[in-house]
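Visitor: Protein chains in written order, with our numbering: chain A, 8 to 493; chain B, 8 to 493; chain C, 19 to 159; chain D, 19 to 159.
FYI, nobody ran anything at the bench for these hints, they're computed from the structure. It is possible that part of the hints are untrue.
[Claimed, not checked] 27 Å max Cα-Cα, derived DSS-like pairs, lysine-lysine:
no., chain 1, residue 1, chain 2, residue 2
1, B, K424, B, K16
2, B, K466, A, K64
3, D, K150, B, K115
4, B, K370, A, K274
5, A, K466, B, K64
6, C, K126, A, K115
7, C, K126, A, K343
8, D, K121, B, K343
9, B, K115, B, K33
10, A, K64, B, K482
11, B, K462, A, K64
12, B, K325, A, K370
13, D, K73, B, K125
14, A, K343, C, K121
15, B, K370, A, K325
16, A, K282, A, K16
17, C, K158, C, K128
18, A, K187, C, K158
19, B, K16, B, K282
20, B, K128, D, K128
21, A, K60, A, K50
22, A, K188, C, K52
23, A, K187, C, K52
24, B, K424, D, K73
25, C, K91, A, K125
26, D, K128, D, K73
27, B, K64, B, K50
28, A, K84, C, K91
29, D, K150, D, K126
30, B, K482, D, K121
31, A, K377, B, K370
32, A, K370, B, K370
33, C, K73, A, K84
34, A, K462, A, K482
[Claimed, not checked] If you want a taste of the chain B side facing chain A, the calculated C-beta under 7 Å gives, among others:
no., residue
35, M11
36, M305
37, A312
[Stated by the list, open to error] According to the in silico footprint, chain B covers these stretches of chain A (three or more CB under 8 Å from chain B):
no., stretch
38, 68-76
39, 347-356
40, 363-373
This one's a predicted model, so the numbers in the text were calculated from it and none came from an experiment. Even glycine gets a Cβ: it sits at the ideal position worked out from N, Cα and C.
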Amino acid sequence: MKKMRIVNKRLDDDLLMKKRREVLDKWPTGKEVDFEEAAAYQKSLPDSKVWWKVMAKLREEGRMSVFPRAGTPVLEKMIELCQGLRESGVLLIPVTTDSYTRLGQFEKVQGILDECNKTGKALLNGYPIINQGVKQTRKLVESVDAAFSPRGVSSEICIASGLTTYECGLEFITWAAYSKKMTIRELVEKWQNETRVAGWYADRGVILCTDLHGWLPTAPFPLSVNIVTLILQALTAAEQGLKAIYPLVHCMGNMTQDMAWIRLTPKLIREYLDKFGYKDCQIIGCCPAQTPLFPNPMDMGGAFAYLCYIAMVGSLCKCNATDLRSIDEAAGVPTKDTNTVSYSAARWIFNVIREQNIDFHIKGIEEEEKITRMEVEAIINRILDLGDGDVIDGLIKAVEGGVMDSPWSPNITVKDKVLGVRDAHGACRYLEFGNLPFSNQLKEWHRGKIAEREKIEGKKADYHTAVRDLWSFSKGKIVGLPPYDK
Amino acid sequence: MKKMRIVNKRLDDDLLMKKRREVLDKWPTGKEVDFEEAAAYQKSLPDSKVWWKVMAKLREEGRMSVFPRAGTPVLEKMIELCQGLRESGVLLIPVTTDSYTRLGQFEKVQGILDECNKTGKALLNGYPIINQGVKQTRKLVESVDAAFSPRGVSSEICIASGLTTYECGLEFITWAAYSKKMTIRELVEKWQNETRVAGWYADRGVILCTDLHGWLPTAPFPLSVNIVTLILQALTAAEQGLKAIYPLVHCMGNMTQDMAWIRLTPKLIREYLDKFGYKDCQIIGCCPAQTPLFPNPMDMGGAFAYLCYIAMVGSLCKCNATDLRSIDEAAGVPTKDTNTVSYSAARWIFNVIREQNIDFHIKGIEEEEKITRMEVEAIINRILDLGDGDVIDGLIKAVEGGVMDSPWSPNITVKDKVLGVRDAHGACRYLEFGNLPFSNQLKEWHRGKIAEREKIEGKKADYHTAVRDLWSFSKGKIVGLPPYDK
Amino acid sequence: MSKTPTIITGTVGMDVHVIGTKVISRALRESGFKVVELGMQVTPEEFISVAQETKADAILMSSLYGMAELDLKDFNQKRLEAGLNDILLYIGGNLVIGRYDPKEIEPKFKALGFDRVYPPGIDAEIGIEDLKKDLKARGKM
Amino acid sequence: MSKTPTIITGTVGMDVHVIGTKVISRALRESGFKVVELGMQVTPEEFISVAQETKADAILMSSLYGMAELDLKDFNQKRLEAGLNDILLYIGGNLVIGRYDPKEIEPKFKALGFDRVYPPGIDAEIGIEDLKKDLKARGKM
Ligand code: B12
Ligand code: B12
């Protein structure tokens with residue numbers, strides 16, 4: 008039996024209203040949400056709490072903020088944590104939710120949350136925003152003069168609480184990194200609804216901003232597939248009425264490549280948005296992210312250096328935000344103190360380097376841009392072919408056929424036929440191409456780069472090379488030279 | 008009465024031999040030095056302990072080492088400290104001497120050292136290498152597989168102990184930053200002798216390497232005067248027979264300017280060495296140094312960021328060493344642990360960034376180079392004029408007349424009629440020119456740059472601006488924008 | 019004479035961090051073990067029932083998201099009830115929330131029935147070496 | 019009615035760190051004090067004899083190189099012997115070797131005769147404000 012064709016088309020608003028209540032009815036706190044009141048509350052927020060305005064102001068003024076990760080279950084502790092962040096100069100604050108919340112296990116959360124509240128202990132690995140509900144979470148928003156963003160959950164409880172981003176659009180990360188069995192079709196259906204909710208607010212003058220995360224490359228792997236997903240997220244979100252987005256760019260640690268990706272990604276998204284007629288959807292910034300494995304818990308120096316590297320790349324590329332982890336990233340959920348020291352390091356770099364407004368050029372950046380652009384275009388063209396011009400239909404078929412693929416996915420519906428390794432300078436290259444629709448010329452280019460490394464190491468790159476590369480950052484060695492002493 | 012003219016000419020060796028013993032006779036440990044045995048011991052050292060060879064190897068292989076600061080009085084503790092450094096990947100280890108040693112107060116040192124040895128406490132702010140003597144210090148050298156460099160003292164005890172750099176040549180830092188009344192004539196006389204000692208070893212095939220420190224700009228101040236002194240140090244050292252040198256480049260925190268200085272300094276030194284016929288004196292590297300005030304003791308994040316900034320600049324400029332302080336720089340003499348964590352941050356950057364061999368270009372770097380070159384040439388030309396072609400005679404007159412000058416000097420014979428401030432992008436500019444022999448065009452250029460900052464701040468730059476700029480780094484604010492919230 | 023021991027791998031509870039268990043599974047296979055790779059988000063009950071079905075010799079469980087204790091509350095009792103007295107139990111990853119001293123939490127997980135408890139980010143080989151040793155000691159290899 | 023108090027500045031012992039004392043000296047002058055600026059490496063004896071000669075009201079001593087205690091061993095006794103019971107004594111900088119808690123070392127320096135002891139890297143203005151307060155309290159301003 009042929010499955011129904013899902014296409015990139017704005018949802019019907021009547022249908023939307025019914026579904027919205029359904030979602031909220033999953034837990035009692037949903038009752039706290041009154042749609043019109045939520046929109047009014049959002050409109051009453053000062054500019055400093057409105058994500059897209061903060062980012063626009065940062066960009067205009069030529070500065071940047073850390074975009075950290077932070078979430079702890081007890082409200083008072085969460086407020087303290089966020090106030091600490093604000094004191095370290097963070098203007099963009101995440102509300103990282105716990106894993107059970109992300110999976111909708113609110114009943115279970117409630118029991119644990121009650122115990123957390125009783126004992127003051129953080130037994131959940133994030134802030135359970137659904138169970139906390141609107142009234143509680145507004146206290147958080149009102150206690151800290153910054154803009155808030157929910158992480159890992161997409162519910163109108165967040166909007167009604169005054170968080171001013173909305174996780175929506177095709178959240179590939181949810182599907183490819185967090186779920187075991189969800190199919191790409193299920194993802195598309197789930198998220199079209201969510202995006203339309205944000206569109207509904209946009210129609211009422213409340214611009215909720217969305218960061219595009221894309222298909223997370225959890226290991227050293229070229230970004231082209233990820234960038235394709237960012238573009239698709241943008242196109243589908245814009246169709247549902249979203250007005251402000253910005254991409255996260257997953258930096259892998261080769262400076263030339265990272266900078267090429269940071270330059271290219273917003274450019275490509277803009278081109279495609281324009282091409283498909285979504286000229287009023289603005290890209291309000293670009294946010295490099297710290298993606299590879301972090302230095303080992305005991306190597307605090309390395310952790311600081313890695314953090315400063317990304318802060319530096321963001322500063323040189325004149326970004327307005329940087330997605331940074333704390334120095335405790337490899338050890339566990341950070342405390343207020345480790346957050347503070349980590350983000351004050353970043354802030355030093357932002358203030359000192361970003362504000363120098365440096366105009367630089369790296370040799371090789373054009374080639375990296377060109378190659379990535381060719382790869383992205385090859386994949387998107389194939390998607391459009393497969394979908395007869397519709398990106399969503401094409402996307403579903405592309406994923407099912409491995410035309411879009413990424414390694415190490417926990418999701419069993421992902422093909423996982425591709426693999427990446429670093430080259431002699433630490434740049435990420437495709438070792439195995441699976442069904443990625445690349446020309447032979449492109450494939451040869453990658454093979455040539457990997458060959459340089461093989462020459463240095465005196466052995467062929469294979470699966471084991473890819474495994475070792477998981478740690479190249481955490482061990483502070485981006486391939487290249489053998490140890491000095493040897 | 009006219010003073011005798013001192014010129015740049017190799018000293019007579021007979022005279023040298025007499026003076027050498029005189030110097031050593033100042034303290035009993037001097038008897039441990041046998042000149043020929045010292046040369047033989049030096050020759051017996053493995054390459055990994057020979058400073059110039061380590062630096063040459065690093066340069067050849069495209070990597071770098073931290074050049075830290077470390078000194079503690081008790082030998083066992085000193086060995087431990089240095090072993091810790093080596094474990095953090097440091098190949099170039101300093102033997103920072105204490106302040107009394109630097110001033111020749113060996114009697115006083117002995118009393119305190121005895122107490123240190125008894126109690127295990129570090130009552131001196133460095134390692135008293137003269138009082139420790141050759142036998143003890145050889146234990147240090149032999150316990151750690153790295154090259155050693157004495158800091159703040161120039162004695163053959165260091166050479167006989169197996170330290171493979173020699174502080175010599177016109178050590179402007181000693182005169183301008185450490186002494187209250189020494190005249191430039193006294194400096195020249197003192198150091199010509201010392202340099203000839205290193206030349207004597209070079210004649211016997213023992214190449215002692217010297218790092219050129221120059222007239223330390225203790226505050227944000229353009230480097231041109233400093234670079235002139237580096238050139239003069241090189242010329243006078245080469246005349247006495249020195250064969251290997253490398254400049255420290257004092258980075259002030261504006262990336263464009265720092266990189267321009269790092270590029271220009273060795274180039275200029277080479278040009279002048281060649282011009283004056285010292286073609287066999289090699290420049291074996293270039294070492295950016297962390298010079299401005301460090302972030303406040305409690306701002307550990309800022310300290311890491313500053314350290315990583317310099318490590319990054321060194322890496323991008325493909326240097327082979329970087330002169331780095333620990334994160335405790337503003338707090339006090341660092342412990343083994345703070346050294347380790349600081350230098351493992353630097354090492355991460357060296358390994359990850361330096362080894363990418365990035366070709367980096369900054370817009371504006373040529374202009375910075377051009378301006379600095381013009382300034383340096385203007386000063387040197389005036390020196391040659393004043394000295395009738397002799398750099399030493401000219402130098403003495405230049406200092407006496409304020410043609411060479413630097414602010415905040417403790418030395419009362421320094422004119423101190425100049426002042427530096429940062430411009431709108433944090434680059435260092437001359438606010439007051441004193442008697443620096445610059446053209447009006449050059450002066451206008453500086454004034455123009457400062458005017459941009461004055462416009463942003465809405466007030467004239469003056470002495471108070473210069474004082475505030477002492478802290479621009481330590482407060483993580485390199486001028487430019489007002490705080491975000493304001 | 020030599021048998022091929024059967025090893026079960028997977029992340030427990032709601033943990034999605036699958037890369038480590040994938041790496042371990044492949045390394046085990048390359049070391050000659052029979053591996054039943056359950057992937058991510060395996061319930062304690064599933065570990066137990068699969069162990070019964072496959073007569074597994076060991077479970078190498080991973081948990082990185084910090085909530086292992088919550089997930090494993092009744093695990094030990096249930097596996098004993100299921101008669102799995104003899105199976106080797108290892109666990110590794112980031113076992114609690116926040117930075118911790120691995121030595122301090124070891125007793126907790128030993129009390130939950132685990133024979134070996136690993137600190138964050140170790141090499142898969144370390145666990146495999148221990149496994150060989152332990153299996154040999156029990157005459158299962 | 020208003021007098022112009024005389025203040026002595028300088029770094030003690032063998033300390034070369036002169037920038038701080040230069041900044042303080044100028045700031046004091048700009049606040050209307052009469053300043054006797056001794057610069058760097060001033061012996062305790064010199065501080066005492068200059069204080070006697072100039073009838074100074076306060077000494078603002080700096081020491082950054084960590085060896086202040088060694089330099090100031092006999093200072094208090096000597097200044098009392100010299101009849102300088104009434105002079106205000108402040109000291110600031112990096113007073114001991116290594117990272118330290120300023121609160122812990124304060125008693126030590128108070129015992130050496132100092133009225134106020136400052137932590138590293140403070141603003142000159144803080145000291146000057148204290149000075150005005152203390153001088154006013156003593157009717158000297
Ligand atoms: C990649 C990653 C993710 C990816 C995972 C992708 C995927 N599906 O696998 C994504 C983005 C999805 C993710 C999500 C989350 N993550 Co995460 N993640 C990481 C990260 C960066 C690397 C983990 C990894 O892949 N390591 C590489 C593999 C190869 O190593 P490994 O798993 O450690 O396994 C090796 C060894 O440990 C050992 N080993 C492992 N298990 C066992 C078992 C035995 C028996 C033996 C012998 C050995 C062994 O062998 C392996 C091979 O050498 C770490 C931080 C870090 N380390 O840098 C955080 C981290 C693990 N994540 C963390 C958190 C909190 C989360 C989230 C809860 C965040 C959130 N609130 O959304 C969610 C989890 C949701 C859920 N339900 O689980 C925390 C855990 C904190 C804690 N325990 O206190 C960490 C430490 C980051 C942090 N500091 O906050 N994460
Ligand atoms: C510049 C500098 C130097 C220059 C000094 C140039 C000069 N002649 O002035 C040079 C290179 C010569 C130098 C040499 C040495 N230095 Co130094 N130096 C520094 C540095 C980087 C900055 C000091 C400075 O100028 N600060 C700027 C001025 C404006 O601030 P300030 O002096 O703190 O003064 C302000 C306040 O503290 C306050 N204040 C100061 N005194 C007083 C007094 C009173 C009463 C009041 C109210 C206020 C007050 O007001 C001032 C204005 O706001 C510091 C580290 C840092 N902070 O980053 C190390 C540092 C001070 N040096 C240090 C050391 C060890 C040395 C050496 C011994 C190194 C060596 N072994 O060679 C030698 C000292 C030799 C000697 N005999 O003194 C250590 C001291 C360590 C300790 N106490 O444990 C430091 C902290 C660096 C370190 N971590 O190792 N140094």
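Visitor: What hints, given by number in increasing order, does this structure fail?
Guide: Hints 1, 3, 13, 18, 24, 33, 35, 36 are the ones this structure does not satisfy, whereas the remaining hints hold.
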